[in-house]
Every structure is written in C-alpha cells, then in structure tokens.
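Protein chains in written order, with the numbering used here: chain W, 1 to 242; chain P, 1001 to 1235.
Accuracy of the hints is not assured; some may be wrong.
What the hints assert, rightly or not - Subject to a maximum C-alpha distance of 30 Å in a straight line, what follows is the list of computed DSSO-like cross-link-like pairs (lysine-lysine):
{"hint": "1", "chain 1": "W", "residue 1": "K89", "chain 2": "P", "residue 2": "K1209"}
{"hint": "2", "chain 1": "W", "residue 1": "K214", "chain 2": "W", "residue 2": "K235"}
{"hint": "3", "chain 1": "W", "residue 1": "K156", "chain 2": "W", "residue 2": "K12"}
{"hint": "4", "chain 1": "P", "residue 1": "K1209", "chain 2": "W", "residue 2": "K13"}
{"hint": "5", "chain 1": "W", "residue 1": "K16", "chain 2": "P", "residue 2": "K1015"}
Quick caveat, the hints were computed from the structure, so don't treat them as lab data.
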Amino acid sequence: MQNYLTHSDTVKKIIKSLDLTRHLSIASIVTGEPGTGKRTLVRYLFPDLPRIDGADQDRLEQALEESSALIIERFDKVPNPDALSFEGKHIIAIADHTGNARLLDETFAFIYTLPPLRDRPEDIALYADIYRQEAQRILQVDEPIVLEKRALDIRKNLRSLRASVYREVLLQSTDREAIERGLYHYFTATFDEGSNYHALLGLFERPLLQAGLKRYGSQLQLAEALGINRNTLRKKIHERLS
Amino acid sequence: MNASPDRDLSFFVDKDNSPFVLFDATGVILYLNDAAEILLGYTDRRTLYELALTYAPQDFGSRTTVLDLHYHQLNFYAIQVAYADEESIGLRLYYRPRTHRAQPTEPQRMQLTNVNTILEAAITLFSMEHTTRLELLTDADLPEFRLDQQTFSQLLRKSLHLFRASSQLRISLRLAIGESMILEQRRYPVVRLSIEANGRYSEDDETIKQLAESANILPTLSENSLLFDIPFIRS
C-alpha cells in the first residue's frame, strides 16, 4: 500500500487515531471542506471496506444490515440519518459539511476535521510538487518547471491546486506557436466585447516589460536589449505597469 | 426498647452500611466501622471531625441534620451527631438512595477491548486542537475487558473536551486495588479512569453522567476532575 503523503501534524494525528480504532466497533466521521483529501485518506486507511453513498438511504440501510464495517461517503447527504443504527459496527463516515452538529455529536464516537490547505501550508508545497511531476509526465514536458507561490490556487484545496499546477506546467512549456494559437483563440472569443488595438497590445507589452525588468534590472539595459529608446521604454512602463 | 447492658452490639455497628466514626475530645478516632473505613478512602479524619463539631447538638444527646454531602462517588443526604459525655462524640452519615439504576449489562453490546487503545485515540484527537500538556499514567499491561466501545469513546471525547482550557492535564487509568462494583448481582473489580486539571468546564456534565451510566460506568464529577469507575468484566 502506498503511503498517504502529508507533512501536517494534524493530518498525521488523524491517521494515527483512525488507525488505532480500526478494529473497534465505533462510528467515526471525517469532515472538512471539499477537496481536502478526506475520501483519499479514508480509502488509503481502509482499502478493503465496502463504500456506500449516503444519498441513497435504502442502499445504505441494506448495507448496514449486511456489513459489520462500512465507509459511508457523503454522510451530509443522508436523507434520514436518525433511522440508521450503527450499533456494534465499525463505521467511517465522510462529510463535506458538518451541518447538524448535534447529530454528529450524538452519532459519532470520534469526529475528525481535516484542515483546509490554507491551514496546512506544509502540504501545499508537498502536493504542488507531486502534481508537477504528474503533470510533466502526462503532458510530456521535460524542461524544468518552477512553481511560484502566486500561481498556486488553493481556494478549492487540492482540486484547485492540482488544476493550477497543470495550467502552470502548460504555460511554462508553451512554445511560440502555441502562444500564437492561444492568442488567436482569445481574440476570436473576445472580439464581440469591443476589442481595442491599443488595449490588446497590453497582452504583449505587460509580461514583456515585467520579464525584462526582472532580467536586466535597469531600464537602460532593458531599452538597449529591446532596441528601443529609453524614453519610449519609460513611457511604456508608466502606461502598462503603473 | 434498650438492649440489655451485657449484649455486645459492636458486630452490628461494624456491619452497618452507614459510616460511623467515634472521636475523642481532640478529634482522634477511637472507633470506626467498616463503612467508615471506605469513607476515609475519600475524605480525611479532620474533615469528618469538623463536620461532627459543626452539627453537634447543643447539649448531650443526638441531632440529625439533613444536608447534601459528596465524597467522590459516595453521596449522603443526612448526618447524625451524638455525644453522651465530654470524652467522645459520634458521627453517622446516611447514604442517599440511588435514584437512577444503571442499565443492566448487555453483554452483546460490550466487546473485549484494550482500553488503552481507545484512550490513546481520544488523546490523539484532543491534542490536535489543544496544546495542553498531558501527564499520563496508565497500566500498559491491563488485560482486555468488556466495554461498550462506542459509548465509552464518546464519553472520553466529551470528557476531555471539558478540559480544553487547561494548560496541564493528568490522566490515570489503573485497576483500583481492593475495590469492586456490583452489576446484575455479580461483583467485578474496578478499573478507575481519572482526568484531573486545575479546573474544567461543566456544560456537558449531565450528558457525561448519562453516557457513563448507559455504559455501566460509575461517574464522579467534581470541580477539577472526572473520575470513572469501570467494571472490569473479562468473561
């Protein structure tokens, strides 16, 4: 079994506690925002347990009759949780939203909350690197990719992080032809919004000036490298970057 | 009707369920019956002596006072103080009848359990959210015994939560030597779980009592501690 990767002490403690109670007849629940990795964690710890969707009350009740141990996914979608009996069973439930706190408190022995990525920054770098390797393999990108923090989107936790890493890998490996095709699609889609030639030039000039200033440091050197007048450069910088 | 002077009543006093202590004029114990010996496991001689002096009758004779007294899980509803001379004073405490009887043991609901495992899982969960320093004293060799795992786990989670503001927590789990409890007419040794700090919240006390009793556990809740006497059922 592959290890569940985390650098977060809180997540490690959740794993430890769930592992300690794996042979007990108790009901536990793992909650947390969407995309925090609840389902992956539970599947990693209990790969052999049957899983059932909480939204299907009939199937859930039948599964509870047939199984002594069960994973209930989307527990927050169970239509009538009061009708369920977990007595003498090992239950691991998963829920995006805690919803009825009283119900959880009375139903479950242990309630675990997987923290969102913003509260475990140590995992952001870890997963960004995992997704970078995965993206480079799938997209067949060999050149080195450097992920800047501002490029990583954690608003929807691991889901948005993965998507943002894929986008970044694509962007950093894009050649001239792909950039032109990308711009072509962009212009085609936005002509109806009233395109202005001068404003659209910003698409080219803004990143060029940002990259140039970072590379050369002084406006004098950059003007020389770009082959334009120093005053023209200063005017462009004022217009595009201020 | 008085017993004849030559009849020795000490056997009956010894075996009386109500604790009885006889002090001399300085508070030294001259005599105590079996029930009082148990009581002195939960309080001290000085406390009982002061209790006797506080509620003594104004003159020779006896006086019964109704008052609530709690010494851990021992609860009393009244005391009687009596003295016939200046040399000695007697104190008797009357047990409060139990108004709630623990539910009968349901063996099918109780599983052989390593209680240390549940305790460790609960402490791990607690330590995720709190930086409380823990002092843990458990008997790692405690054999498995029958527990309602679900209820006991809930009980632990809720109990620890009451100490969420404590900077330091002392937890001990061990067999209470020489103590026993009776369930369904059978006597069992006692495993005692104690959770102590300098203070605690109390908003869930009633729920904790209910959970404990539904798991056949005897709870003693005080200002700074929670104490649970768990029947050590091995068969």
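Inset, instruction - Determine which of the earlier numbered hints do not hold for this structure and return their numbers in increasing order. - result: 5
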